[in-house]
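Participant: One line per chain: the protein sequences are C and A, in this order.
Just so you know, we're using the numbering used here here: the first sequence kicks off at 1 and counts up by one.
Just so you know, we're using the numbering used here here: the second sequence kicks off at 1001 and counts up by one.
Bear in mind the hints are in silico, worked out from the structure with no lab data behind them.
Among the hints, erroneous ones may be present.
What the hints assert, rightly or not - Below, computed lysine-lysine pairings styled on DSS-like, alpha-carbon distance capped at 30 Å:
{"#": "1", "chain 1": "A", "residue 1": "Lys-1014", "chain 2": "C", "residue 2": "Lys-306"}
{"#": "2", "chain 1": "A", "residue 1": "Lys-1014", "chain 2": "C", "residue 2": "Lys-323"}
{"#": "3", "chain 1": "C", "residue 1": "Lys-3", "chain 2": "A", "residue 2": "Lys-1076"}
{"#": "4", "chain 1": "A", "residue 1": "Lys-1130", "chain 2": "C", "residue 2": "Lys-306"}
{"#": "5", "chain 1": "A", "residue 1": "Lys-1031", "chain 2": "A", "residue 2": "Lys-1076"}
{"#": "6", "chain 1": "A", "residue 1": "Lys-1076", "chain 2": "A", "residue 2": "Lys-1220"}
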Amino acid sequence: MLKLAFRGVTRYKKRTIITAFAIGIAIVFSIFMKSLLTGVALDSDKNLIWNDTSSAKIYAPGYFEERDYYPIDVLITEEQGNALEQKLEENGFTNYTKEFVESAQIMFYEDPFPTSGSITAVLKAMDSSNTSAYKFEDSQIEGDWISNNVDGVVLGSKLSQDMNAEVGYYVTIQTKGKGGFIQAFDIPIIGIISTGDPVVDASTIFFDYNTINDYLELDGYSTNYSVSYSMNIAKVKSISDSETAILNNLIVPLKLEAYSWREIADDILQLQSSKGGFSNIFLFFTFFIAVVGISNTMLMAISERKNEIAMLKTLGYNNKFIKRLFTLEGTIIGFLGVFCGTIVGVLISLYYQIEGIDLSSFVGDSESIGYRINSVMHAFVSPTQVILIIILGLFVSMVAAYFAVRRTGRGEIAEMFRRI
Amino acid sequence: MSLIKTYNLSKVYKTQSEDVHALIDISIEIKKGELLAISGPSGSGKTTLLNLFGLLDNITSGDIELDNVKYSTLGKKDKTEIRRNMVGMIFQSYNLIPVLSASENVEMALNCLSKEQLAALNVNNKQDKKELCYKALKDVGLENLENRRPNELSGGQQQRISIARAIVKNPKVLLADEPTANLDKTNSLHILELISNLNETKDLTCIYSSHDKLVLDHVKRIIRLEDGRLC
Ligand SMILES: Nc1ncnc2c1ncn2[C@@H]1O[C@H](COP(=O)(O)OP(=O)(O)OP(=O)(O)O)[C@@H](O)[C@H]1O
Ligand SMILES: [Mg+2]
């Protein structure tokens, strides 16, 4: 029977190729869509963790709840900060960054700027000697990055575009210092950073902590410490809850509290999962179309052979044999299709994993779909997902072939011969 | 000795618009070793009758007896069994399996037989099976073409493969539904003489359905149908 099934596959070349091709296309699309959406979600998390939240943040009590308003009255004191740094070092949390974050107005004036104006931004001052909670290495920086005691601001790229800013121009920054007093100072733009995270690039202005400490008379106070558990996103995702619990235990005596990136970015993640419904529906439709496509081509391929099936019955083959034979044949064809489709699908996805795909014309602003990525999407090929799609593809081919032969071989033999 | 008997056999096709009475009250007897034709104008029920003999369609009322077995008593399995080793069928459109060679097509008729059934044909191993198929092909004049595929053969040659396939299992009866309708006169004569020959040498009962004069000239008895009735 196996021999006969292989005959059918190898001798009906054209039909085999057409059927396998259709199945292959379905697999290619499934793998590509799944990889793209996985890549987008991963990039989004990566941007968030590498450039914004880090793995966790440590705040003084009360800050977390009010964090959207950048409170100035619940800060970490210098002594607390020093004790915290020591604790972190002792316990292996060596990748941390001391920060002061506050909302700020950037004001800029005609000449050298083309127009005058002001923009609200997030001022983020980091201890330049230890920014290891973040990973700005992938970012493109025009000019210089922040460094210890260097007087200057680094603007997010989108923000600088909105202002038509260039490195070397001066801007006036107005913000609140310790105690809530409004402070303003003029400062040169020393760099423009493009992190790839649309939110950071559009809203953040970076400073060296010591510079800001002087301007705002912070006396070494900070709003928070950011801590990174790892730069591997998958790892961070799996360990962040347990590590944050450990961290929290450590810092109880210091009267500080730690929150994981998930808690900090709660609103964004929630938006994602509601908009994520969109990508799930998208994926569902891709799979649905793939399944319908496979079933349909299989049905067509098999019902075309109703005369053969009828003749086998006339010769005295029973239904069981016929079902097995054609299901086997369909599965072999399905295997061919899935095999080729997987190779092509993975290659295409890998290409877009490396090169990225600019979908800005399709999607418009990527923030509108809830993800923290710019318009260039990178696929991500996950072996587990690919294997799952392979198994699913084979299974669907087999089931589709089974039902196709069952349907084709139904009824009286004479009826089958007559059917067109 | 009678091989096939029908008892008030009727067949009604239910269509959306009406019931078509394709066969009405047919009672006939066909003896072992007969060479006969069922004849009649188009639509008279010839194919329907052969299909009922060959268990390709269900009986509406009445019964058929083949070799003392009444079809009405048969379950699904028994019917498959009868198709398997009692009845050989050939059709106007050959119905060969296109991906298989001539000899493989013939072999398909043997591959569903049980060990005992094969033993009755003196087939005890693969080699025997091959030889039996070659012999059947030789009987129909196709020696040396065993490895060709149907689409590499003429219509007459294809029909001869289908005859070889039908007779290789040594059935009780050969049912031939307009076997020459797609063939020219020379090829038709070949086929008809071949079947006459089988009828004589192997005492094989052969039943044609045809309104072709050429066929009718080659048989010893004609059963005439008109509008589903004997006449
Ligand atoms: N599946 C069917 N449904 C409805 N009517 C049918 C069906 N098959 C056959 N018939 C009708 O039954 C009658 C007998 O058909 P049958 O095919 O047996 O005729 P026939 O004698 O073989 O004709 P021909 O010489 O054209 O082959 C015809 O009137 C035909 O229209
Ligand atoms: Mg007919």
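Participant: State for each hint whether it applies.
Facilitator: Each hint, compared with the structure:
1. Lys-1014(A) x Lys-306(C): Holds, because 22 Å separates the two Cα atoms, which is no more than 30 Å.
2. Lys-1014(A) x Lys-323(C): Roughly 28 Å separates the two Cα atoms, so the pair holds.
3. Lys-3(C) x Lys-1076(A): holds, 27 Å
4. Lys-1130(A) x Lys-306(C): holds, 27 Å
5. Lys-1031(A) x Lys-1076(A): holds, 26 Å
6. Lys-1076(A) x Lys-1220(A): violated, 34 Å
Going through the hint list in order, the structure does not satisfy hint 6, though it satisfies all others.
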